[in-house]
Amino acid sequence: MKAPVSWLRELVSLPVTDAEMADSFTRAGLTVERVETTGPDVTGPLVIGRVLSLVEEPQKNGKTIRYCRVDVGGHNDEATDEYPASRGIVCGALNFDEGDLVVVALPGAVLPGDFAIAARKTYGHISDGMICAEDEIGLGDDHDGILVIDPTTGATPGDDALDALWSSDTVFDMEVTTDLGYCLSLRGLAREAAIAARVPFSDPYDRSMPSPTSGGYPVELESDRCTSFVALTIEGFDPDAPTPSWMSQRLLASGVRSISLPVDVTNYVMLESGQPLHAYDAAQLQGPIRVRLASAGEQLRTLDGTVRTCTADDLLITDDSGAIGLAGVMGGEDTEVTSSTTAIVLEAAHFDAASVSRTFRRHGLPSEASKRFERTVDPRVPYAAARRAAELLIAHGGGELRAEETVVGSVPERHRINLRTGLVAAILGAPIEASDTVRILEASGCQVTAMGDSLTVCAPSWRPDLHDPYDVVEEVGRKYGYDRIGLRIPVPPVGGGLTRTQRGRRAVMSAVAAAGFTEVLSLPFIAETELDKLHLTADDPRRSLVRLANPLSDTHPYLRTSLLPGLFAAVAKNTSRSLGDLALFEHGTVFHATDGGAVPHPDVTDRPSDEDLAGIEAALPAQPETLAALVCGDWVAAGWHGDAVEADWTHVVAFAETAASAVGLQLARRNTEVMPWHPGRCAELSVNGQVLGFAGELHPEVIREFGLPERTCAVEFTLGALLAAAPGGGSIRALSSFPLAKEDVALIVDEAVAAADVEAALREGAGELLEEISLFDVYRGDQVGKGKKSLAFALRFRADRTLKDAEAATARQAAVAVAADRYGAVQRA
Amino acid sequence: MSGPHDNVDPQPVAALDPEVVAGYVDAALAAVASSRTTAELKQARLEHAGDRSPLALANREIGALPPAARKEAGARTGKARGRVNQAISARATELAAQELQQALRDERVDMTLPVRLAPQGALHPITALMDDMCDVFVAMGWEVAEGPELEAEWYNFDALNVAPDHPARALQDTLWIDPPEHGKLLRTQTSPVQIRALLERDLPLYVVSPGKVFRADEYDATHLPVFHQLEGLVVDKGISMADLRGTLDHFARAMFGDVRTRMRPHHFPFTEPSAEVDLECFVCHGSSVGNPDAPCRTCRSEGWIEWGGCGIVNPRVLRACGIDAAVYSGFAFGMGVDRTVMFRNNAPDLRDFVEGDIRFSRSLLGGAR
Numbered sequence: 001m002k003a004p005v006s007w008l009r010e011l012v013s014l015p016v017t018d019a020e021m022a023d024s025f026t027r028a029g030l031t032v033e034r035v036e037t038t039g040p041d042v043t044g045p046l047v048i049g050r051v052l053s054l055v056e057e058p059q060k061n062g063k064t065i066r067y068c069r070v071d072v073g074g075h076n077d078e079a080t081d082e083y084p085a086s087r088g089i090v091c092g093a094l095n096f097d098e099g100d101l102v103v104v105a106l107p108g109a110v111l112p113g114d115f116a117i118a119a120r121k122t123y124g125h126i127s128d129g130m131i132c133a134e135d136e137i138g139l140g141d142d143h144d145g146i147l148v149i150d151p152t153t154g155a156t157p158g159d160d161a162l163d164a165l166w167s168s169d170t171v172f173d174m175e176v177t178t179d180l181g182y183c184l185s186l187r188g189l190a191r192e193a194a195i196a197a198r199v200p201f202s203d204p205y206d207r208s209m210p211s212p213t214s215g216g217y218p219v220e221l222e223s224d225r226c227t228s229f230v231a232l233t234i235e236g237f238d239p240d241a242p243t244p245s246w247m248s249q250r251l252l253a254s255g256v257r258s259i260s261l262p263v264d265v266t267n268y269v270m271l272e273s274g275q276p277l278h279a280y281d282a283a284q285l286q287g288p289i290r291v292r293l294a295s296a297g298e299q300l301r302t303l304d305g306t307v308r309t310c311t312a313d314d315l316l317i318t319d320d321s322g323a324i325g326l327a328g329v330m331g332g333e334d335t336e337v338t339s340s341t342t343a344i345v346l347e348a349a350h351f352d353a354a355s356v357s358r359t360f361r362r363h364g365l366p367s368e369a370s371k372r373f374e375r376t377v378d379p380r381v382p383y384a385a386a387r388r389a390a391e392l393l394i395a396h397g398g399g400e401l402r403a404e405e406t407v408v409g410s411v412p413e414r415h416r417i418n419l420r421t422g423l424v425a426a427i428l429g430a431p432i433e434a435s436d437t438v439r440i441l442e443a444s445g446c447q448v449t450a451m452g453d454s455l456t457v458c459a460p461s462w463r464p465d466l467h468d469p470y471d472v473v474e475e476v477g478r479k480y481g482y483d484r485i486g487l488r489i490p491v492p493p494v495g496g497g498l499t500r501t502q503r504g505r506r507a508v509m510s511a512v513a514a515a516g517f518t519e520v521l522s523l524p525f526i527a528e529t530e531l532d533k534l535h536l537t538a539d540d541p542r543r544s545l546v547r548l549a550n551p552l553s554d555t556h557p558y559l560r561t562s563l564l565p566g567l568f569a570a571v572a573k574n575t576s577r578s579l580g581d582l583a584l585f586e587h588g589t590v591f592h593a594t595d596g597g598a599v600p601h602p603d604v605t606d607r608p609s610d611e612d613l614a615g616i617e618a619a620l621p622a623q624p625e626t627l628a629a630l631v632c633g634d635w636v637a638a639g640w641h642g643d644a645v646e647a648d649w650t651h652v653v654a655f656a657e658t659a660a661s662a663v664g665l666q667l668a669r670r671n672t673e674v675m676p677w678h679p680g681r682c683a684e685l686s687v688n689g690q691v692l693g694f695a696g697e698l699h700p701e702v703i704r705e706f707g708l709p710e711r712t713c714a715v716e717f718t719l720g721a722l723l724a725a726a727p728g729g730g731s732i733r734a735l736s737s738f739p740l741a742k743e744d745v746a747l748i749v750d751e752a753v754a755a756a757d758v759e760a761a762l763r764e765g766a767g768e769l770l771e772e773i774s775l776f777d778v779y780r781g782d783q784v785g786k787g788k789k790s791l792a793f794a795l796r797f798r799a800d801r802t803l804k805d806a807e808a809a810t811a812r813q814a815a816v817a818v819a820a821d822r823y824g825a826v827q828r829a
Numbered sequence: 001m002s003g004p005h006d007n008v009d010p011q012p013v014a015a016l017d018p019e020v021v022a023g024y025v026d027a028a029l030a031a032v033a034s035s036r037t038t039a040e041l042k043q044a045r046l047e048h049a050g051d052r053s054p055l056a057l058a059n060r061e062i063g064a065l066p067p068a069a070r071k072e073a074g075a076r077t078g079k080a081r082g083r084v085n086q087a088i089s090a091r092a093t094e095l096a097a098q099e100l101q102q103a104l105r106d107e108r109v110d111m112t113l114p115v116r117l118a119p120q121g122a123l124h125p126i127t128a129l130m131d132d133m134c135d136v137f138v139a140m141g142w143e144v145a146e147g148p149e150l151e152a153e154w155y156n157f158d159a160l161n162v163a164p165d166h167p168a169r170a171l172q173d174t175l176w177i178d179p180p181e182h183g184k185l186l187r188t189q190t191s192p193v194q195i196r197a198l199l200e201r202d203l204p205l206y207v208v209s210p211g212k213v214f215r216a217d218e219y220d221a222t223h224l225p226v227f228h229q230l231e232g233l234v235v236d237k238g239i240s241m242a243d244l245r246g247t248l249d250h251f252a253r254a255m256f257g258d259v260r261t262r263m264r265p266h267h268f269p270f271t272e273p274s275a276e277v278d279l280e281c282f283v284c285h286g287s288s289v290g291n292p293d294a295p296c297r298t299c300r301s302e303g304w305i306e307w308g309g310c311g312i313v314n315p316r317v318l319r320a321c322g323i324d325a326a327v328y329s330g331f332a333f334g335m336g337v338d339r340t341v342m343f344r345n346n347a348p349d350l351r352d353f354v355e356g357d358i359r360f361s362r363s364l365l366g367g368a369r
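Residue numbers (UniProt numbering), protein chains in the order written: chain H, 1 to 829; chain P, 1 to 369.
Calculated from the structure, these hints are not laboratory results. We treat Cβ as the ideally placed atom computed from N, Cα and C, and that holds for glycine. Any given hint might turn out to be false.
As the list claims (entries may be wrong) - Ranges of calculated distance between the beta carbons of each label pair, as one might list FRET restraints:
{"hint": "1", "chain 1": "H", "residue 1": "GLY664", "chain 2": "P", "residue 2": "ALA96", "range": "44 to 52 Å"}
{"hint": "2", "chain 1": "P", "residue 1": "VAL283", "chain 2": "H", "residue 2": "THR156", "range": "48 to 56 Å"}
{"hint": "3", "chain 1": "P", "residue 1": "ALA294", "chain 2": "H", "residue 2": "PRO431", "range": "37 to 45 Å"}
{"hint": "4", "chain 1": "H", "residue 1": "VAL55", "chain 2": "P", "residue 2": "ASP349", "range": "57 to 65 Å"}
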């Protein structure tokens, strides 16, 4: 809302500076976001001049220029033998005569568009300034010729031209919250300013709606979404009457374009009163005005020339010809006032806020009117606003107001609120006396009755937002001043700190970051083609997509079921910026569609039933917390220490193991074949038999289709399940100080046998004495035969006594026996 | 008297002659002294103090001396060998020290070489800051509550007193799941978590809820359709605006040092009274206001930075959760984490937050804390 300060000051006499006024608005919740100054963007000397003489000088190029001597008062050069006191200016326009008053930009002036004026030599003269056209000084669009000033304005040479032509004003651009619809009016803002400055305010629109009467233009209300309608008729209006400049300038300062006197007056009164009005050309109306709901498909051409197709939820203004306006949103083209309109029907009506809101959103047609109706307009003001508009029209456009008026509908009863007097101080946490409360509320226009320890507050017609006791508390609070409330820190009961899951999540995130992975965030929207490029099969659970009804981009209408496409996009972003050695991870939610159906909408007047709450949970899709990582390029770049270490599958598996060990878990791994991974280089990751995800090198086809660097590796798993599986407690064994017995064993197995399985077999067979086992060599070659490999393990035994050589050897044999039995492992000679 | 018996009587032994022994010692000491390395010294030891050295060989001859002469000769060679061994040992210590010095000099490396060869990881600034923000409240005894990102309309709007026709519910503002009439959406705020906390937890309740939120918003330098919020909620007996002001002031000081907050009246459906909370500029502390010579880019010379929204929990919200508003009252507040990173750490473009350039995530490292 743009509020010209001169207008506010006209409505209320304020003993404060503009800055104080702005500050008090902001403190009252009407944040002044910008303070603007109206008027052309001109600096330096721009003055009134009188053309003393002019000499036309035809030029070789066919143009004729005029060398003028212009009297610019105090800015004149001294008189010479040749010329009286004046300045010499060359001008190319021909639409002015000797003796005319013009606007002169003198050297040093800077006109809009950073156009600096300087004295310059041209056409054989020194041109010591510029005689201006309207558009050159930003006063209007007119470039038909030089701006010649009406001598009756009293302007004299040397006067500041802006002062003479333009009343500069300060304008507050304010944020008006949706509850304060009445502050979308100058009278509402003036009232707030008066309250803040503690001066009385007299509302020029404080005028009751008269009793219903139908003497004027016939109006019928056929929908309860229109509760009142005032129609006044003006006849004998001069369609050529111009808008007075003070009015068009105020409109312009308020961000409203001047169009014609009737339209300007309705806008002016709307800005001042908050009541949107509409002016119809009475000659175009056919039969009575009826306010009714549209029938589906009914059409209307609105003022902006667009044909609107209505739904049965749109409220229309109609006459016998059909729809003539979208109620509270925009009028129709056929009945608008034109340059030949001499009889006007003024409409001031009250429409249902929600209905207007739905209609303007449905038609994408926000207007000054709909903005106000949506926030609720004072239901008592239509008549006062219509009368004020009629008076302005007649004052500036002649004609007369027909004595017969139409007033239909009614003004609703004012709302009463009962509250405990102590509630105000209790909720605001400030020592506010009952008398303060009453004083503040009365200044806001409320009628307050105190009875015992309770107050009955009757809100003014323009404050429908005052509905509940807490609304009253807020009204008192905002006027009392939030900064006068003290500071207190409430003491909670003993808290439990972060939960195990929350601590576990932080441990995982810190551990993988410390291990060299950089966290990135991406938008959670994906395209189905991305799943195709991942080569997911038709029955892959990652194809159970949740679709958005209104996606931000039609190409990405689904919620992600995998974090990998987002990581791939991050790779592209980085490689496009020559950052090719990457170790990225993302933590986030993925979404798997479930056939949940509609969500219950329990009543909000009490706690929902447990069934309803369970029903809501059941209807929501699965949203597992997921962690994914990706490596490509070099893990360690080549450098002073030696060769590069290329990023490979071990780094993404290590990522998963780092995450697991951060919460005390060890992952089990086995080879598997799952897209988008390389069929020979994909590990299934599990904990306690529960599969959490997969890690490995990506499939070359996937790498190619996503344009990823060769051999890119990735891991993705359900972090939520990992955190849930994290063990608590744990125990610490007594540390044996007896000597260690070391036994090495090399086993030949088939290529397909997993090292982890052999290790598990050895561990199982070795029994209690085994302290540690580690794989230290994998050998393939002639000595073990084709299709075979040799796995060499170091076994370390220890007990609570010194082990005899034979004991360790026996344990080793037992270990080998299990591996031999289970996997056909043969000890290498 | 009989003459000397060649086989029985001791003969004078040339090698044990004092002068000869002294000569051996001199030769040995000279060899030791001239040894320049441990290896040379080892050679000198072998030659002059070893089993086959002249002194060792001379020592063996002692038995050939007459008994009366043996003692003197033994003492002489023993002393001589002692002197030589002592010299060797001293020289050995000396050489070892020299050689250690040399070795240490030789082993010098350039200690400024880069050593973190594995990639350097980092948490995203949002994650780091969100954890820090939560910790301020956890330290006060509050708990951290979480909830789903894809939420029911009832939690996101109905229970929060957002009217059925409220424009925030429109397709222009909220990302709805298809079909919209099923009442599922991407949460537009973390407030549904507050409703869940009110329904699930016991009173009194002190929770913060951090998380991702979604709006059908532009994607440009200052808007993201997906961003992060931190909200706080207290419901207890006797809670007032003073508790809210005190809590926000404490939070601001914990995050930004010596700053104040101010509240400007505002409007939200879920709080009444409502306010926006502004943070005193932590860089200029207001000194840039009306001072064009020292502009402040953090607060754009306004002295205050819009930080978030807050207010007293609307009793309608408490009622929807089955809480008696006559007994309990509460306050709630919320702020954007992305925006906080933006003004706290001078991030120029919100798109950098979600495009994955590793330099963005690494730009704060531990410094986000």
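Hints and how they fare:
no. : hint                              : result
1   : H/GLY664 <-> P/ALA96: 44 to 52 Å  : holds, 50 Å
2   : P/VAL283 <-> H/THR156: 48 to 56 Å : holds, 51 Å
3   : P/ALA294 <-> H/PRO431: 37 to 45 Å : holds, 40 Å
4   : H/VAL55 <-> P/ASP349: 57 to 65 Å  : holds, 59 Å
Of the numbered hints listed earlier, not one is contradicted by the structure.
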